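Asker: Going down the list, the protein sequences come from chains A and B. Letter 182 of the first sequence, counting from 1, is numbered 182 in the UniProt record's numbering, and no numbers are missing. Letter 161 of the second sequence, counting from 1, is numbered 161 in the UniProt record's numbering, and no numbers are missing.
By construction, these hints were calculated from the structure, which means they are not laboratory data. The structure presented is a predicted model; accordingly, all values stated were derived computationally and were not measured. Mixed in with the good hints, there may be bad ones.
Covered, in the sense of this in silico footprint (three residues per stretch, anywhere, with C-beta under 8 Å from a C-beta of chain B), are these stretches of chain A [as the list claims (entries may be wrong)]:
1. 110-123
2. 176-182
3. 217-227
Note that beta-carbon positions come from the ideal geometry of N, C-alpha and C, so glycine has one too.
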Amino acid sequence: MNMMTEAAVEKALDQKMTAAPYKMIGKDVSVYYGEKRALFDVNLNIRENTVTALIGPSGCGKSTFLRTLNRMNDTIDHCRVTGKITLDTDDIYDPQIDVVELRARVGMVFQKPNPFPKTIWENVAYGPKIHGLARSKADLDVIVEQSLQKAGLFNEVKDRLHEAGTGLSGGQQQRLCIARAIAVSPEVILMDEPCSALDPIATAKVEELIHELRANFTIVIVTHSMQQAARVSQRTAMFHLGHLVEENDTDKMFTNPDDQRTQDYIMGRFG
Amino acid sequence: MSDVTSSAFQARGAARPRRDIGIRKRYAAERRFRAYGVTAILVGVFFLAVLLWTVISNGYTAFQQTVITLPITFAESVIDPKNERAQNPAKLMAANYPLLVRDALIKELGIDPNDRTKVKLATDMVSASSRTQLRDIVVANPSVIGTTMSVALLAEGNIDSANKGQIDLTADEANRKVKNQQLAWMDQLRQKGDLTKEFNTGLFTYGASSRPEAAGIGVAALGSFYMMLIVLVLALPIGVAASIYLEEFAPKNKFTDLIEVNINNLAAVPSIVYGLLGLAIFINFAGLPRSASLVGGLVLTLMTLPTIIIATRAALKAVPPSIRSAALGLGASKMQTIFHHVLPLAMPGILTGTIIGLAHALGETAPLLLIGMVAFVVDYPGSPLEPSTALPVQIYMWANEAERAFVERTSGAIMVLLAFLIVMNLGAILLRRRFERRW
Ligand SMILES: Nc1ncnc2c1ncn2[C@@H]1O[C@H](COP(=O)(O)OP(=O)(O)O)[C@@H](O)[C@H]1O
Ligand SMILES: [Mg+2]
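Take the sequences, apply the hints, and build the full model.
Answerer: Written out as structure tokens, the structure reads:
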């Protein structure tokens, strides 16, 4: 009986989340790599303080969509984006918008942990340093410690902040990358299959971390694992061949999806 | 339980006939390949050993020079008979210094001053460079006039060779550069301790000379040093800037493809062509002086640039894209990404490329011949605008001389050049180790 109420409370909480206002709005987003079209008029909105999972068979354009959200596609030759994406009220593809500023607001964590070949401290302090977020080294120290705390890594590395970040284990490196992204206090964090290179225990830690980060950040995560999407996200978007097939509450998506293709994919019938 | 399973497996394995999957052949192929490899390395090592052996066995004696120490009397009657030096200091420059050496030899060896042949034979034993040596002593300190002091004079080249046992004494005396009388005097001087072998500092300090005992690589080494400096100062920044632009900023289109092809071609252009280019542009068009190490440096810069650009671009390309993404994803600008992350990681490769380019330039001869650096330069160049030679050119010039003493100096200079190259390459390796980081 008691259990029932607890579940009900959680459900209500999640529902409140899914009713959260939109942080980012993508309208008719299409992406072309040269002649090849990778995304077809995707309309997908990202809710504030919510974890949105992007799923779908590989090559369907999940990463491509994710990269449109902080314009990492700009760094790819011949890549062209059409449509409109807003962050709060700003059109992020407006020529007035500076990508440097945009990426300070929309951080990114990559598939393979990619710490800089520098010390742990330098890794975390780099973002705040280039964006002038700290006046002194003491300020930076505070930011570094807080970011590592938030990434749940501080206790593990507090004695070796000045050792190479590349010397950590894979899971620790990925959490270091998350700490590095958090350190510039972004509003949105994009994660592209952040656990695909990690073992199950490290994966569990990162998932737990994502769960905690939701309180302060809006998170978009690409994952190829249905279970992971179900565990960490409140909203799920399903892509197929460059089209957005369905976007829904995660619960609904995994129990009673609207689209037959989602059903097939979740049941493991393709992908 | 597991025992049962594994024995069951064994039983089944034993029952199955063995397939021939060519294992023996594969091992044989591997052994053959290893044998080829070892042979290739042995051939390389053999030729390297032969090269080093010829150079060192011919050249190690160049680092020693026979010196004859004589008590020289700086007689006023010879140097300044009319006592005019106060009014006319030039008198000291033109005095008859060889006479001082002759007199000292006559006294030391006990020769009859009227026996002209013997006197000539004796004076021939001392290098003609003793004239300038004594002049310099007197000009620097005129108060030595009237005193006697013991001076170490360079032995003439053939005497030096004889002293080092390099002259075939069984040959007929008439066909020999060193006569029996001279050999006897050498013994006499040696017994008194006046004929000694000293470390040949002159090899490193003297400039060009037609007399081997007074010839050194000093001028050539300074010229080479100027050129290396010019190459480093010009080629490194220009090359790195060009590579960064091409690799990181330039749009990828037909035009940049063309530039890329051209750079690769330039790296393969024979160096003598760069000499012609330098002659046409820097000397004939820009009017820079001939034989100057500035022009040499500019030509070698042009020649080294493609090497540095290719090495730098390869080093930049080798930096993992994940590092760039990481920096860009944090909001670093392109410049920040390159200068904070990419360049430091590419540094070992860039430095290695630069040092290899420099080493290449240091050994380059052909283009320098065309811009007149194959010259007889006696005095140190005070600046890169003054005439000079270069180490490899000096080697080339000495190699054309027939005298035994020049043969050993040629090898000696090659050893010095090789030592520089080894030091530079070691430096490249050390820098590489030092900067190399794992990622
Ligand atoms: N840099 C690129 N250049 C060209 N095509 C690309 C590039 N990145 C992705 N694509 C193509 O775009 C499509 C979507 O890729 P991606 O977004 O990486 O898929 P996912 O992340 O869902 O596996 C694929 O067909 C892929 O081949
Ligand atoms: Mg992907």
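Asker: For each hint, tell me whether it holds in the structure or not.
Answerer: For each hint, the structure was consulted:
no.	hint	verdict
1	110-123	holds (count 6)
2	176-182	holds (count 3)
3	217-227	violated (count 0)
Hint 3 from the earlier list is the only one contradicted by this structure; the remaining hints agree with it.
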